[in-house]
Amino acid sequence: MLSAEEIHEIEAEAQHYPTREAVLIDALRIVQSHRGWVSDDALRDLAEFLHMTEADLDGVASFYNLIYRKPVGRHVIHLCDSISCWIEGYAGVRRALAARLGVDFGETTKDGRFTFLPIVCLGCCDRAPAMLVDGELHVHLTPDNIAGALEKYA
Amino acid sequence: MTDTPLTKNMHADGSPVDLAEYEASGGYQAIRKVLGGIEPKQVTGMVKDAVLRGRGGAGFPTGTKWSFVPLGPEVPNPTYLVCNADEMEPGTFKDRLLMERDPHQLIEGMMLASYAIEADVAFIFLRNEYRLCAERLARALSDACAKQYLGKKIFGSDYSLEMHLHVSAGRYMCGEESGLLNALEGKRANPRLKPPYPTTAGLFGKPTVVNNVETLACVPHIVNRGAEWFRGLSRTRDGGTKLFGVSGKVKRPGLWEAPMGTLVREILEDYAGGMRDGVKFRGLLPGGASTDFIVESDLDLPMDFGGLAKAGSRMGTGTMIILDDGTCPVGMVRNLMQFFSRESCGWCTPCWSGLQWAERLLGAMEEGAGEPGDIEKLSELAWMWAPGHTYCALAPGAAEPLESALKHFRDDFERHIREKRCPYS
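If you read the sequences in order, they're chains A and B. Number 154 marks the last residue of the first sequence (this note's numbering); no jumps. Number 579 marks the last residue of the second sequence (this note's numbering); no jumps.
Just chain A, same shape as in the assembly:
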């Protein structure tokens, strides 16, 4: 079942569109913001609510980079692996992060604290290398300053 809050937020977005299906991407984002990820159960609830098939929903959900169809940790790290960050030392930052976390891209730390993912260009190429942690931007990364950047995420 979708929660009353989820339904309220989805309905608010749905008003902007002439068709019911059009709210799907907003709805996936909203459900994920409440539950951390989009589980099969969540997908089924949403399909029922929007009068669409689960297959249709999954086709859309799995297309978008920032909809998670697998559980994620309490915090999600998105490290930019696009060109300007690559030129400015992305590889060293990735190695240092992987060593510190004990996991590589696509994995979650054993304590469930962090999920580590790559992301396309974050649009802060003049401050490369960069990453997002829970949507918050960290720039001018070096292998030495990442530990400090992660500290606040308990």
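In case anyone wonders, no lab produced these hints; they're calculated from the structure. Every residue gets a Cβ at the ideal spot worked out from N, C-alpha and C, and that includes glycine. Keep in mind that a hint or two might mislead.
Stated by the list, open to error - Interface residues of chain A toward chain B, partial, derived using beta-carbon atoms under 10 Å:
| hint | residue |
| --- | --- |
| 1 | Trp37 |
| 2 | Ser39 |
| 3 | Asp40 |
| 4 | Leu43 |
| 5 | Gly59 |
| 6 | Ala61 |
| 7 | Trp86 |
| 8 | Tyr90 |
| 9 | Asp111 |
| 10 | Ile119 |
| 11 | Cys121 |
| 12 | Leu122 |
| 13 | Gly123 |
| 14 | Ala128 |
| 15 | Leu132 |
Stated by the list, open to error - Part of the chain B face toward chain A, derived, beta carbon under 8 Å:
| hint | residue |
| --- | --- |
| 16 | His165 |
| 17 | Glu241 |
| 18 | Arg346 |
| 19 | Leu347 |
| 20 | Lys348 |
| 21 | Pro349 |
| 22 | Ala355 |
| 23 | Phe358 |
| 24 | Lys405 |
| 25 | Pro407 |
| 26 | Ile475 |
| 27 | Phe493 |
| 28 | Leu560 |
| 29 | His562 |
| 30 | Pro577 |
Using the hints, position chain B against chain A.
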């Protein structure tokens, strides 16, 4: 002192220009003026006369695009305006600045564009990762609505406009005009077959104009100060100023507003301070990942929509990515192909299959497993991505850095194969 209309009100501390301050500096006067008795077609005429060309990378004349939209009472409602704020072209970071620092400038630009095409509803299609833009745009929209600058009968006129912020769930393909429209309809962002073009049948099948953030931000200034003034900002035939950016190993990576037609060398040396100590310039992508490399001998060409054609390239988004002599050109192209391959929507075979293949060939080369004949295979793949072989411009865009790298840095590719290693590692 060069006139910099797009950035002149921005605060050095990074805080946004709020509604009161925007109005104090002449904001929302252009829309008032237009609603006071200028016809939609006249607004389009001004933008045509200003020679405003699309800042998303393709450079299509904005006024011409608007003129394709059917006007008048017989046109079935609604008509849509969509602002493409899905800035995801690698190396591009210009629209972020406009939205974070001066959100009302964009909103007023969208109001004027909407009026010109008689749009009833406008959307800002924003990439998910731009959280600060989302916060500031939402605040600006809510402030504008509270003063009834948006909604029914704006400024006492008969014109009504709704404006909404749509936050995407993330995919490069959403930046492609027709893919964006599919995403806004709640679907996968696959491209659509054109024609029909969105101006005839776009969002939900209705006439739709999709314009880039920077393009729309120019419009209030054109209306306020006139087409001739706007043309005069430029050093060339394309009107206005342009946001130029530089990333890579230069002394001062950054973003600046400068006259359209500023020389590549001026941006690289005067604005970005030239190369950092210890590295030398080898080449650059003039405007994002989907543009052709240019080299030292091309640096005195002007950055405008036609100026780089002599070098076989184009301005694209105007945000340059610099290749230095300590960075491997093969590795750089491999990184770009990884990006395109991962972001391909999977709709057209030359794109999804060919990009994976190119990525593998380049990966092998970097890891010392390149084979004779790989360079020819890469050239064939790039040919497969030519315009017309796929629905959209993603694959043709990927071909630009690959083909030009094969031309300018062929020795590097050959050396990787011959020496069975990356000479830069």
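Each hint, compared with the structure:
Evaluation of the tryptophan 37(A) hint against chain B yields a violated restraint, the C-beta minimum of about 13 Å exceeding 10 Å. Checking serine 39(A) against chain B by beta carbon gives a least distance of about 16 Å; that is not within 10 Å, so the hint is violated. The interface hint given for aspartate 40(A) is broken, as the beta carbon of that residue sits about 18 Å from the closest beta carbon of chain B, more than 10 Å. With its C-beta approaching chain B no nearer than about 14 Å, leucine 43(A) sits outside the 10 Å limit, and its interface hint is violated.
For glycine 59(A), the suggested interface contact is upheld, since its CB lies about 6 Å from the closest CB of chain B, less than 10 Å. With a least beta-carbon distance of about 8 Å to chain B, the hint placing alanine 61(A) at the interface is held under the 10 Å criterion. The closest approach between the C-beta of tryptophan 86(A) and any C-beta of chain B is roughly 5 Å, which is under the 10 Å cut-off, so the hint is satisfied. With its C-beta approaching chain B no nearer than about 9 Å, tyrosine 90(A) sits inside the 10 Å limit, and its interface hint holds.
Residue-level restraint check for aspartate 111(A) is violated (minimum Cβ-Cβ distance to chain B is 26 Å; threshold 10 Å). With its C-beta approaching chain B no nearer than about 7 Å, isoleucine 119(A) sits inside the 10 Å limit, and its interface hint holds. The beta carbon of cysteine 121(A) is positioned within 10 Å of a beta carbon in chain B (closest approach about 4 Å), and the interface hint is therefore held. A distance limit of 10 Å between C-beta atoms decides the matter here; for leucine 122(A) the minimum to chain B is near 6 Å, and the interface restraint holds.
For glycine 123(A), the suggested interface contact is upheld, since its CB lies about 4 Å from the closest CB of chain B, less than 10 Å. Interface restraint check for alanine 128(A): the shortest CB-CB distance to chain B comes to about 6 Å, inside 10 Å, so the restraint holds. The criterion of a C-beta within 10 Å of any C-beta in chain B is met by leucine 132(A), whose closest approach is roughly 6 Å, and the hint holds. Checking histidine 165(B) against chain A: minimum C-beta separation of about 18 Å lies over 8 Å; hint violated.
This hint holds: glutamate 241(B) has a C-beta 5 Å from the nearest C-beta of chain A, less than the 8 Å allowed. Hint status for arginine 346(B): violated, given a least beta-carbon distance of 15 Å to chain A, over 8 Å. Taken as an interface hint, leucine 347(B) does not check out: its beta carbon lies about 19 Å from the nearest beta carbon of chain A, beyond 8 Å. The restraint placing lysine 348(B) at the interface with chain A is violated, with a minimum CB-CB distance near 21 Å, outside the 8 Å limit.
Because the smallest distance between the Cβ of proline 349(B) and any Cβ of chain A comes to about 23 Å, over 8 Å, the interface hint for this residue is violated. Look at alanine 355(B): its Cβ only gets to about 14 Å from chain A, farther than 8 Å, so that hint breaks. A distance limit of 8 Å between C-beta atoms decides the matter here; for phenylalanine 358(B) the minimum to chain A is near 6 Å, and the interface restraint holds. The criterion of a C-beta within 8 Å of any C-beta in chain A is not met by lysine 405(B), whose closest approach is roughly 12 Å, and the hint is violated.
For the restraint placing proline 407(B) at the interface with chain A, the shortest Cβ-Cβ distance is roughly 4 Å, inside the 8 Å limit, so the hint holds. Taking 8 Å as the C-beta contact cut-off toward chain A, the hint placing isoleucine 475(B) at the interface holds, the least distance being around 6 Å. Taking 8 Å as the C-beta contact cut-off toward chain A, the hint placing phenylalanine 493(B) at the interface holds, the least distance being around 6 Å. This hint is violated: leucine 560(B) has a C-beta 17 Å from the nearest C-beta of chain A, more than the 8 Å allowed.
A hinted interface residue such as histidine 562(B) counts as satisfied when its beta carbon comes closer than 8 Å to some beta carbon of chain A; here the least separation is about 16 Å, so the hint is violated. Annotation: proline 577(B) was flagged as interfacial toward chain A, and the flag is violated, the nearest CB pair being 17 Å apart, outside 8 Å.
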